[in-house]
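Asks: Sequence:
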Amino acid sequence: MTAKAQRNEEVVSSFLASSRLCGHSLLLGYLVVGLVFQTHAGSIKEREAEIKERSAAKSEEQNPSQSSPSAHSAFGSGTYPSSGGGGSFLGDFLVWLVAAPFQYRADDPTSGSAGGADAEDWADEPHSIFPMHLPGEATVPYVRFDYNRQFADWDTDDARLELGYKFVAFHGRFTRHTDDFDDNLDVRQYYALLRYGGYRPDFLPGTFEAAIGFGVVHHAGDVDDDSSGALTIPLKYHPFEWLGFEFRPAWYRWEKVRMGDYDISASLGLRFLQLRGGYRWIWDDGMVDEQSGFYTGVTVSF
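Using full-length UniProt numbering, the letters of the sequence shown correspond one by one to residues 1 to 302.
With a Cα cut of at most 25 Å, we get these calculated SDA-like pairs of lysine to any residue:
{"hint": "1", "residue 1": "Lys256", "residue 2": "Asp179"}
{"hint": "2", "residue 1": "Lys45", "residue 2": "Thr178"}
{"hint": "3", "residue 1": "Lys256", "residue 2": "Val216"}
Pair by pair, the computed Cβ-Cβ distance ranges are:
{"hint": "4", "residue 1": "Lys58", "residue 2": "Pro239", "range": "39 to 47 Å"}
{"hint": "5", "residue 1": "Lys45", "residue 2": "Leu204", "range": "45 to 53 Å"}
{"hint": "6", "residue 1": "Val298", "residue 2": "Ile212", "range": "20 to 28 Å"}
{"hint": "7", "residue 1": "Pro239", "residue 2": "Val298", "range": "19 to 27 Å"}
{"hint": "8", "residue 1": "Tyr196", "residue 2": "Glu53", "range": "41 to 49 Å"}
{"hint": "9", "residue 1": "Glu61", "residue 2": "Ala210", "range": "32 to 40 Å"}
Simulated from the structure, these hints should not be mistaken for lab results.
Ideal placement from N, C-alpha and C gives every residue a C-beta, glycine not left out.
Build the full structure now, drawing on both the sequences and the hints.
Replies: Pasting the structure below:
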């Protein structure tokens, strides 16, 4: 073999050895990057543990001598159904519904009297300051029920109930999150609402509703139960009978951590029944991916 051929063979051998080394390095690099950046939905127990740890830190910062794990959880203690995880969503919702503190009246002799009048005629006629409501409208309802299925990292079922008469209403919301380990986190919201809206053609086309509500939110998981006060300001606007838009913000605490609960949706349908699509996100120093996502649902109102 000539010296030139021998040098060429050495170059080729060196190149092949370097290629194998680079290939192994790239493969190892891909594996490391994949392990570092691999993401998955956290479990409910991890989320609860995180909230408790942050709450404990906040308690120590505010008043370390008076921190008590049960001081903030006596709000309605013993009045909520257990979340042991063995019951179905529908069964627990019915239990919650029976225990909900409300009274319902539906005897409004004036409702619906102005539904067919145009704006000028309606404005010229004497009318009540109470909201005008036609049975079946989603705004200022006597009775309204919503069921939503959310597409988030956790499986989420959400049900809402509203019972009202003129200016006042009761609003309850029951949300169940289920993670990959079949652990449940139930979030129950109860509000007393002051509301105004309905049919006011001299003011705004279509129907509308603006309300403010004060109440309580209860978190029930597999680790701990906790309750706090809550505020909500729901807004609804239906420019047409078949089209509506709603925004439902709420603010409360989980342990010592402030939470923002935002729900925006659009609906299509007629009176008594609407199909709904929207997005709900939970804000806690950033969006909580496990509890945030698009949803679809159905609304039945009277």
